[in-house]
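*Asks:* Let's have the full structure, built from the sequences with the hints guiding it.
Chains as they are written, first to last, in my numbering: chain A, 1 to 649; chain B, 650 to 944; chain C, 945 to 1143.
Since the hints were made in silico from the structure, they are not lab data.
Any given hint could turn out to be false.
Unchecked claim - Listed next, the in silico DSS-like pairs over lysine-lysine satisfying Cα-Cα at most 27 Å (straight line):
| no. | chain 1 | residue 1 | chain 2 | residue 2 |
| --- | --- | --- | --- | --- |
| 1 | B | Lys733 | A | Lys451 |
| 2 | B | Lys918 | A | Lys369 |
| 3 | B | Lys719 | A | Lys311 |
| 4 | A | Lys627 | C | Lys1115 |
| 5 | B | Lys733 | A | Lys369 |
| 6 | A | Lys564 | B | Lys895 |
| 7 | A | Lys369 | B | Lys714 |
| 8 | A | Lys211 | A | Lys574 |
| 9 | B | Lys733 | A | Lys371 |
| 10 | B | Lys895 | A | Lys371 |
| 11 | A | Lys627 | C | Lys1140 |
| 12 | A | Lys221 | B | Lys733 |
| 13 | B | Lys714 | A | Lys451 |
| 14 | C | Lys1115 | A | Lys211 |
| 15 | B | Lys918 | A | Lys565 |
| 16 | B | Lys895 | A | Lys565 |
| 17 | A | Lys564 | A | Lys574 |
| 18 | B | Lys733 | A | Lys218 |
| 19 | A | Lys311 | A | Lys371 |
| 20 | A | Lys40 | A | Lys644 |
| 21 | B | Lys719 | A | Lys371 |
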Amino acid sequence: MDFFDRFSIPPHDDPMLYASIVAIAIVSIAIVVGLTYFKKWGYLWNEWLTTVDHKRIGIMYIISALLMLFRGGADAVMMRLQTAVPDNTFLDAQHYNEVFTTHGVVMIIFMAMAFIIGMMNFVVPLQIGARDVAFPRLNALSFWLYFAGAMLFNLSFVVGGSPDAGWTNYYPLAGTDFSEHVGVNYYNWALQISGIGTLMTGINFIATIMKMRAPGMKLMKMPMFTWSALITNLIIVFAFPVLTIALLMGTFDRQFFTNFFTTSDGGMDMMWANLFWIWGHPEVYILILPAFGIYSQIISTFSQRNLYGYKSMVASMVVISLLSFLVWVHHFFTMGQGAVANSIFSITTMAIAVPTGIKIFNWLLTMWKGKIRFTTPMMYSVAFIPLFTIGGVTGVMLAMASADYQYHNTMFLVAHFHNVIIPGVVFAMIAGLIYYWPKMFGFMLNERIGKWAFWNIVIGFCLAFFPMYITGLNGQARRMYTYSESTGFGPLSMVSFIGALLLAVGFVLIVYNVYYSFRHAPRNVGDDPWNARSLEWATHNPVPEYNFAITPNVNSEEAFWDYKKNGHDLFKGKIEDIHMPNNSGWSIIFAGIFFVFGFCFVFHVWAGVIIAFLGIIGCMIYRSFEKDDGHHIHKEEIEETEKKFGGAK
Amino acid sequence: MKLKWTYLAFLAGIASLLAGCEPLLVLNPKGPQAETTANVIWISIITMSVIVIVVLVMLTVILLKYRASKQDPDYEPPHIEGNKYLEGIIVGIPIIIVAFLSVVSATSTHQVENPPEGYDADEPLVIYASSSNWKWHFSYPEQDIETVNYVFIPTNQNVEFRLYSHGTISSFWVPQLAGQKYAMADMTNYLNVVAEEPGEYVGRNSNFNGEGFAENDFTVTAMAPSEFDSWVEDIHNTAEPLTEEKFEELLEPGHLGRMTFTGTHQDFKPAPEGENSPHHHGSSDSEDDGEHHHH
Amino acid sequence: MKHDSNLPLEYSTETNEMNILGFWIFLGAEIMLFATLFTTYFVYVDRGVGNGPAGSEIFELTPVMIETILLLTSSFTIGLAVHAMRINRVKAMIGFMIVTLLLGAGFISLEVYEFIHYYHEGATLQTSGFTAILLTTLGTHGAHVTLGLFWGIMIIIQTLRNGLNARTANKSFIFSLYWHFLDVMWIFIFSFIYLKGMM
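*Replies:* Here it is in structure tokens:
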């Protein structure tokens, strides 16, 4: 029985936990039964699980991101509930620590990253007029590795215990001396596996954007979202290997008793903090730059004007990406590296405000002299500008090293980064999802419900996070599971909790909107429901498998607008056979083996580790010998599809 | 619509709540270091407010003026590329603001990293503040006493806290006296603190360090130097000596109330500085390690 | 598949070109990976020794010199293999690839010997921060070489089976990039870890 003891859930027993286990089991059984009853296993396997189509992979990323949003959101509501009143006993300290740790990891790695990569997957090949990404099979593998990592991480909740050292996972707290159970092992392996997937995405999209643009689309004629994707993926390729190594060292420390981050035998706990943030700060820009790209598309579309200052938009992103690697020390000004080092990093950090400011003003100037339509995506974009500005300026405040000694580790900091990530990344992803929804599914989401959700989310956000600036300045440290009444944090924390509830209502409304619109929305929305401008709108809704029947011929960053208004001849050629990659179950099987490998490693089940490792090698050998030249979609078939959509484009 | 008014009433409620509050700890300094940071915070809040207001005003005007419902249905927005001068302005002004704040940041950081002006002539009172899960141990080497979870300091004298940890990274923070700094196991950090007003100040570990983190706090009591001296004398008359076994017991994870001892644990378990630093190499630079903080 | 006869075989299709570009980007990521290891090494080499041995106490010049010569030579022979491929001499190409892999195997054997030596000197993964990063850096490089050995064998089998075509040429060329890259990383290891450590 000793063998099975390791899978139990130390160190606390909680009825809620068992309730969740039962709920997870019931939902899983329901899914299996449902798929069997409706005979959908074949459909699921052939059309989705084995797909290499960038659009479907994108949609799977986004669905996973939404699932993770609800997991992380539930964590958030639990935290706010626990701290809503002084001396609350809803969660104990250990449980609270696990909840805020998983909240952070799930939201950053498994929600936000998946959302932006999903959006890039769906939009980028369409925006550059490509048939797919450079390496479709690798793309599927990226997704399934991400998914394996996400599932492994979530499994920690019911098998063995969740990580409890914060999403920053500082050593020695994260070492075995202070966090004995397997939680942090899960952290290491879940991030490692999904990180490999992300790195592959980075390579894939750089190659795609560099090599597969439609004829005539020079670099400076790419739509802004594609530009943001290119720069983001460059950052991914240069930042993620640092995380790979840091996690490897953490794994060695915890599982092979090395002394990388211990405080004896030459280990340095500060090294983890450095490596983590050398990856971690660029990671912030990996999240925000695609969001900037989405806003650029939406603001331009609904102001019915071209994007102002295209060149300075591109230049500012390049500058941001370079600076993002030169600021990591601002995450620990208080570590004692002295006034000179702190001043240098203080200045590099504040310098980022300049290119970011350029972008804010360029968006404002895009709306200037425009003809602004307040659709739901545009409302998110309009709310983003002032809210993100507040988040940005509090960032400048935090960048002042001397003042940071007072903000660091407090709710002020928590308020700041939620203030940039929620209006920055989350609003952008929701806005992008609504904007591209007709492209994905061929119908629109209901605007009325969408606006209700919007108001709940925006007001909920303000109520949840603005009070934290104040309690932070009043001395409330972050990550405290409770506080006494005499601190005076009570009333404002209650306000935060109410804000969190409104946010939750807003997100539920978004899901309801999907259901409602699926049932009731008209299906004949046409190919250009928003009167949009960039190339992705030049094909049909929903997009056919091959994207464009004829490879478009591009003359500017607003090729579709020029086609509509200025008589640009977008589709010069005629329909020919199109070469497409084949579906393959290889990716999901490979990632499944990785999952087993990670799981066995977490629990030191070495026999399993070895078997899974041999499986991984086997998959790679199989792939090396595999010959798969893809297939052709024939001309007649394409013509027929195009006819259904009402004429070739 | 009703909902909107509820929200507004709610916001008004918060505002009135704030107006009735005590001044926020960080903005209510009781010593020169915290005062410097409070000033920096005010300078940055004011500067940043200007930017927020400019953006808000521009956004409001643009939204009101250029919304589709207010315009001629035939209006076709023009195609406008960037404009050199306009873009020069939106780059130039932020650069000026950032340059100004950079100067403020660098000078103030230099100030708070050193003994405050006017208190730098005399030798500081040295107190080792070391953390263990989830307690603070204060050793007074000169006075030869040690306290747990509370610390007494004389007013108007520079106190040099030497910070380190017996385990996890923690952060020593007394918001009304000075900004925080990390206490770590493999190096000693130095924090200069002066209290100009007598009183009791809350202090805590602000860096998450596990299960007992929320209660990982202490109090700082500032008092006239004469009172401080008689307090030290009292301890020598009444308290038990701190033995090595006792100290090991104290280090066990958990919470302790306030405790007082004669003698310090520096005698048998010295701080990680100078030749006791685990990253120490060779004897030649031990002096540098131990002395650099005085400058 | 479109073929362009003006280009070398390994670049001849769009897929091939894409693979080569993708691999270059991957090497960019690999450079960051090794850079992280080197940076950590440079921090720990002075400050992470603890009670364990320093580099100068455990490094042995002779095996390291032989390892270096083996790997440098193998980088030369893989170059010859690619050259043979370009002039369409399959037998010579495979011969040089086999020589390359044998040299690589020799390198790995010596590295294993080196690790055993460190173990006997009391420098294990667990000894100190310094030994941990030393062995992790060498081990990461060694693992790359080992992977390369298996990868090379796969390519030789495929070239023997299917002859030299766009696909095998592309794989061989990419393999040569990988092998050169490992050689460059080794030169860094040799100069900044061994030579600097022994001085």
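*Asks:* Which earlier hints can't be squared with this structure?
*Replies:* 1, 2, 3, 6, 10, 11, 15, 16
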